[in-house]
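Novice: Each chain, written out:
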Amino acid sequence: MFAYLIKRLGMMLPMLLGITIISFGVIHLAPGSPIDLQADLNPKMTAESRARLRAFYGLDQPLHVQYFSWLKRLVILDFGNSFSADGRPVIKKIGERIPITIFINLLSMILTISIAIPIGIISAVYQGSFFDKVTTVFVFVGFATPTFWLALLCMILFGVHLGWLPISGLKSINYDYLSWGAMCKDRAMHLILPVTLSAFGGLAGFSRYMRSNMLEIIRQDYIITARAKGLPEGAVIFKHALRNALLPVVTILGLSVPGLIGASVIFETIFAIPGMGQLFFLSVMSRDYPVIMGTLVMGAVLTLLGNLLADIAYAWVDPRIRINRE
Amino acid sequence: MSEEKLRHLFWLRFKKNHLAAAGGVIVAFFFITAFLAPNISPYDPGEINTKRILEAPGSDHFMGTDQLGRDVLGRIIWGSRISLLVGFIAMGISTAIGILFGSIAGYYGGWIDSIIMRFVDVMLCFPSFFLILAVVAFLEPSIWNIMIVIGITSWMGVARLVRAEFLSLKERDFVLAIKAQGASDIRIIFCHILPNSLAPILVAATLGVAGAILIESALSFLGIGVQPPTPSWGSMLTAGKNNIEIAWWLSLFPGLAILITVLGYNLLGEGIRDAIDPRLKK
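Protein chains in written order, with the numbering used here: chain A, 367 to 692; chain B, 35 to 316.
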């Protein structure tokens with residue numbers, strides 16, 4: 367296990383390097399430079415002071431020198447300061463918001479799994495049944511539904527017409543005056559719509575995956591053996607089949623991380639949740655380059671970490687992987 | 035095989051084709067709508083009528099009017115042109131890049147393959163929506179930039195697929211025979227291996243149109259996609275969000291149009307997959 371871990375960590379390094387190269391490439395896509403952005407606003411800027419600014423930011427250096435100095439600062443998580451009025455360090459801004467995004471995505475992941483796995487099992491075990499047909503239709507419609515549109519409809523139904531749920535933010539205006547119990551309830555009410563809708567996004571794919579996984583395993587020899595030795599059907603499905611069908615789920619969870627983080631831009635914008643996605647969107651709108659770059663790199667690093675965790679968990683639950691890859 | 039079993043198989047296949055046919059009908063319907071937009075749209079999509087803003091669906095405005103008094107149905111009909119254009123061009127770009135990288139990686143193998151596939155892995159690490167937003171932030175939001183950006187951030191799946199096809203096809207006898215005759219690499223790749231792997235590419239491309247339409251609508255919804263006054267389904271939903279308390283029809287209908295279109299391409303893609311390769315049928 368330890369050898370596998372080391373090897374897996376070693377594989378991460380070139381990936382990290384690749385991420386920084388692509389991110390750096392994206393910065394240099396920018397027409398003009400951050401200097402122009404500052405200079406255009408200042409009529410007193412002369413060509414000479416522009417040149418001084420360029421030298422100050424190191425933009426007069428050759429590209430590879432710039433890359434390495436950028437990388438050096440990246441290693442100590444120095445993404446520079448935000449261009450916005452507060453001018454705070456980018457890493458602080460991101461640090462405040464990452465926990466919210468991770469928390470919501472974790473909740474929605476748990477919700478997705480706890481709904482998708484039973485659906486997948488039932489539709490595989492009763493393949494071709496009415497339930498299976500209904501879920502197949504659901505899957506096709508689910509794949510085609512823009513989740514931000516569904517979010518709008520839910521806001522209209524539950525927020526505007528029924529008035530059951532709040533439709534924006536993470537807490538009410540009077541939050542600070544509430545009792546402890548009411549605070550918890552207030553938080554929970556605000557989370558219901560974003561978490562449910564974010565979970566919906568992965569539901570179709572996940573239940574479909576679980577179904578085909580289960581279908582494949584039910585046809586394996588060891589399942590036939592289990593049946594042949596007279597085990598009750600429940601034990602065959604839940605002990606022998608399900609355990610094996612659940613293994614690859616871990617990997618899929620890891621693979622779904624980039625999609626979840628990407629989707630958080632839309633959800634956090636719609637529901638006005640102060641997470642990393644909203645920060646990213648706001649910085650895109652105001653062309654706050656340091657924040658854009660910081661969030662882009664952090665998003666990719668989170669994905670990498672998600673994949674790493676998934677791989678470790680997979681190797682941990684499935685000894686075959688460990689041995690084959692060591 | 036008994037006659038009953040054969041009939042059962044036939045019925046299964048027929049049912050599958052039914053779904054694919056439904057997808058084909060939907061896709062054809064939106065194609066026709068897009069081409070005939072000027073003829074069938076009841077109102078001009080840009081026609082502002084300040085006397086009739088935010089009117090609920092009624093007899094003369096079948097899907098109501100928006101905040102500028104424009105006819106929602108008319109804008110949805112014209113919007114189908116945008117989603118069709120973005121869907122196909124973005125898919126074309128991503129498929130072309132995917133084929134190029136995938137075939138080179140699969141055909142040559144070795145270190146070229148390693149470099150290309152590691153590049154694919156790294157690209158897949160970025161939450162694609164982050165990457166798209168970042169690039170769009172640096173460029174100007176316009177329909178052409180959107181198509182290009184969606185195209186260059188969604189080719190990785192096709193590349194992996196094409197590579198896998200090439201890996202298995204390049205060892206086949208017919209390829210070895212052509213190689214022995216002295217055909218050039220380019221000729222072998224494009225004239226002999228690629229035509230044999232068109233089927234899965236076609237499936238991926240069909241599904242890719244659906245994906246591109248979804249991304250475009252999300253970008254336009256966020257206000258960084260297709261810019262007003264061009265009617266796009268995504269940006270119509272922005273108007274829906276701004277008037278969420280009073281005008282449900284602004285949110286409902288454009289989203290339905292997206293859903294049905296995307297569903298059509300997905301059904302068609304799955305149908306093609308089943309028709310081509312019954313082994314994959316589950």
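What the hints contain is simulated information worked out from the structure, not anything from laboratory work.
Among the clues, some could well be false.
Cβ-to-Cβ under 7 Å is the rule here; a few derived chain A residues that face chain B [unchecked claim]:
hint, residue
1, L429
2, H430
3, M521
4, I627
5, L662
Note that the Cβ used here is the ideal one computed from N, Cα and C, for glycine as well.
Novice: Should the hint that L429/A touches chain B count as held when the rule is a Cβ pair under 7 Å?
Specialist: violated (17 Å)
Novice: Against chain B, run the beta carbon of H430/A and see if the smallest gap drops under 7 Å.
Specialist: violated (19 Å)
Novice: Hint M521/A vs chain B: min CB-CB distance below 7 Å?
Specialist: holds (6 Å)
Novice: Does the CB of L662/A sit less than 7 Å away from some CB of chain B?
Specialist: Given a least distance of 5 Å, the restraint on L662/A holds.
Novice: Given I627/A as an interface hint, is the shortest Cβ-Cβ distance to chain B below 7 Å?
Specialist: holds (4 Å)
Of the numbered hints stated above, those contradicted by the structure are hints 1, 2, listed in ascending order.
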